[in-house]
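Student: Since the structure of chain A is provided, determine the placement of chain B on it from the hints.
Line order of the protein sequences matches chains A and B. Under this note's numbering, the letters of the first sequence match residues 93 to 666, in that order. Under this note's numbering, the letters of the second sequence match residues 47 to 265, in that order.
No wet-lab data here; the hints were simulated from the structure. Check before you lean on any hint, since a few could be wrong.
In silico EDC-like cross-links for lysine to aspartate or glutamate, where the CA-CA straight-line distance does not exceed 16 angstroms [to be verified]: (1) K553/A to E256/B; (2) K247/A to E256/B; (3) K366/A to D386/A.
These are the residues of each chain, in order.
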Amino acid sequence: MYDADAMFDADVIVIGSGGGGAVAAKELGEAGLKVLVLEAGPWYGNKQWANPNSERGGEWSSDYKDLDVGIYKKIFNAYENNMNDLVSGVFRFGPADRRRTPWHRVMRQKGEIWQLSGVGGTTQLYWSQSPRAFPLAVDNIWPISYRELVPYYEKAEATLPVQFAPTTPKEELFYYGAKKAGWPLIPTLNVTTPGYRPNPNAILPTNEHLMDQSYSLEQLSNMEGCTLKGNCVNGCTTGSSVDKIAKRSTLVSYVPLALKTGNVAIRPNSFVIKLLTAQDPKEGLRATGVQFRDTWTGEIGELTARTVVMAAGCIESPRLWLNSGLPYNEWVGRGLTNHCFDWVAGVFDEKDLMSIMGLPAVYPYVGHTSGARVDIPGTGIFQVSCLSPGLMSFLTYGFSEAGYDALNPPEPGAPWDIHGRVVGPQLKELMMNYSRTMSILILTDDETLYRNRVQIDPLLKDENGPIPIMHYTPSPKTLKRRDQLARYASETLKQAGARKIIRSDTPFGSMIHLESTMRMGYVTDTNCEAYQVRRLFIADNSVHFNGIGGPNPTLTTQALATRTAEKIVTKYFS
Amino acid sequence: MHPSAIYAATVDSHTFATFRALVEAIIPDSPVSATYSPELTAGAADLCIHEYMIWELDHSLSLVLGFGLTDIPLSCSTAGLLNVGAVHLAASRQLQHPPNPLLWESGPFSAMSRNDRISVLAMLEQGNIDPGVLPPPYRNDLGFTRYMIDFLNRQTMFGNYSEWSAYGTTRLRTPTERRLEYFPVSWKQAEYPGVVPGYRALLGYMLTIERKGGESTIV
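Here chain A stands alone, though its shape is the one from the complex (with noise of 0.2 angstroms):
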């Protein structure tokens, strides 16, 4: 039987540090509660872990001074083989030890999931957009209105902080190509009618000293301030100090801050495997603490809270829920939405970059990864994204629903002159233009259903249990929106003066931005803890209502996290 005055290991638990839990914790931190956080994967650029890919290091870490810039950016040195291999790099969703294979998820659909382990989760290679959600897609549909979400919004932006993206040649280009077709300027953050706009991004503003020569570039990287070297997604490196990154991913924005407060520990390499709960005699069931295991050593340990925050992902939360035996919610895993994400590029010549620009390329590896973007509220956004050869060659020619393009090619009159795969000597031929492609992202405004979901294998385990399962097919209004957003993609890039255009039909299983898995209002109340397990909280994309409308839900989960670290602290702990 739960002792209600039994001692606990702490006031609060989270589990997971990315985009959510890093925020959860840190917001906890500061109102004075003793918060220790779980986290699965590494932790990069502490001094507690020297070698974290390679040998296990220490336990804990609750010291700001522990963190060092050294480490991490001998560890983030950009090179996107050694970064973003999924099986094998320092960006997976793995244990730390990189001799180990990742953790296993069943597809049996074509994509692939890009989530992280380690502290700051996927955040460490996220684009760092920030945007807010449309109001379209909250008022009258979630459970809180978008102005209940606006003054949690603005804390969080001036938290990471977040900035309008510089132009370089590649915004330049997407600017022309936008305001050719028609779009307007909307100088906003809270987006109600469609226009184009520079991406509101969590990347420090460029350094004031980049175009002064007489700093090395060198010089400039070691200092504050982004230096456009393009690495976004690889591992930006730039800056002075772990908490000076450039790219504020929370490993080096919330996290630090957390551990300022004095009241936050986070133990990487600890995978929760359960969560523990009792009965309490007033409460009902309620959450008391965690099982987890050490990555490294596979130890079992057990830790107890008087709350526990889950921030572990829009698979992993549910998964959890599930291994943990916990009431059963038809809506636990349910209700999956990823933006059903699209990619759309242009091969521009030589000739007509300089009369446009005067400049003979696209410079796609220069500036934010993504810094310029269309947003149509009720359809979804298109966004300018440019990233390193290896990572472009697959997302633009080797990732498609559609097939191989010479196998299938595009039905006559549609605005692109490749639908699919490309392979073999066209391939080649292409990949010599990547200099003067511009390549830019769909997300679109997914559509919440039921059949959409995480699911738990019921015969295959990994270490931490039964593996899950992902099943996702886009409704029919999806694929619409997505088709007339690759529409106007295509024309932008055609009045940018692209003279071909290649639709990938990105696989609709390739997740990017998964949501809505434990739905606000299905599976928590408005305040994000649990209907039926009191005292469990929930701080991922997995409690949004839906797919927000298409913009990154990062900013909107770390806005809703200190809104939950508010709520939890009035209604626990005043």
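Tutor: Just chain B now, with coordinates in the frame of chain A:
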């Protein structure tokens, strides 16, 4: 023997030949011409991307089988999948070119023309085959087969156009022990300058957020 050679020696020759045939169909070498030097014409097989693919597939899956966590290498079974697909395509008389009879016995997939190898991938991707004839773990699982065919395409491209080949003699070591030995050939092909500390490419700001007293305005 250096570690790459030790690892390569553990892979059977059929698997090796099948993956070599796969990557050269996806990214072939190109004819050397006045415009393109031999370096610029190198294809995925020249960059040993078949070894990359084998390594990736053999280091991607572990599951609890019986009492403990077990690594499940996938390269051999995936080579088997491609060869079963090749036999099926040939049997259904859909080949564009006759296969090389000398290679057919040891590996049907690598005996085919490059275009026919792509047709095998397309057929498997579309599920135009009896799933019961596929080797485990693909048997009766066209969903996983579809996932894998997509993976084979995109991972070949990612391996080829990333810096992997430039790890040279260390390329098959555990990732933390790989060392760059030269500038990647494929990055030269793509005219990617590599990893640099920054670019003096600022053209200005279209909009700026200004914050005062907990509220923001756009200027």
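Student: The structure should be examined with respect to each hint, and the outcome stated for every one.
Tutor: Tested hints:
1. K553/A to E256/B: With a Cα-Cα distance of about 50 angstroms, the restraint between K553/A and E256/B is violated, given a limit of 16 angstroms.
2. K247/A to E256/B: Roughly 13 angstroms between the alpha carbons, so the hint for K247/A and E256/B holds.
3. K366/A to D386/A: Status holds; Cα separation ~13 angstroms.
The structure does not agree with numbered hint 1 stated previously, though it agrees with all others.
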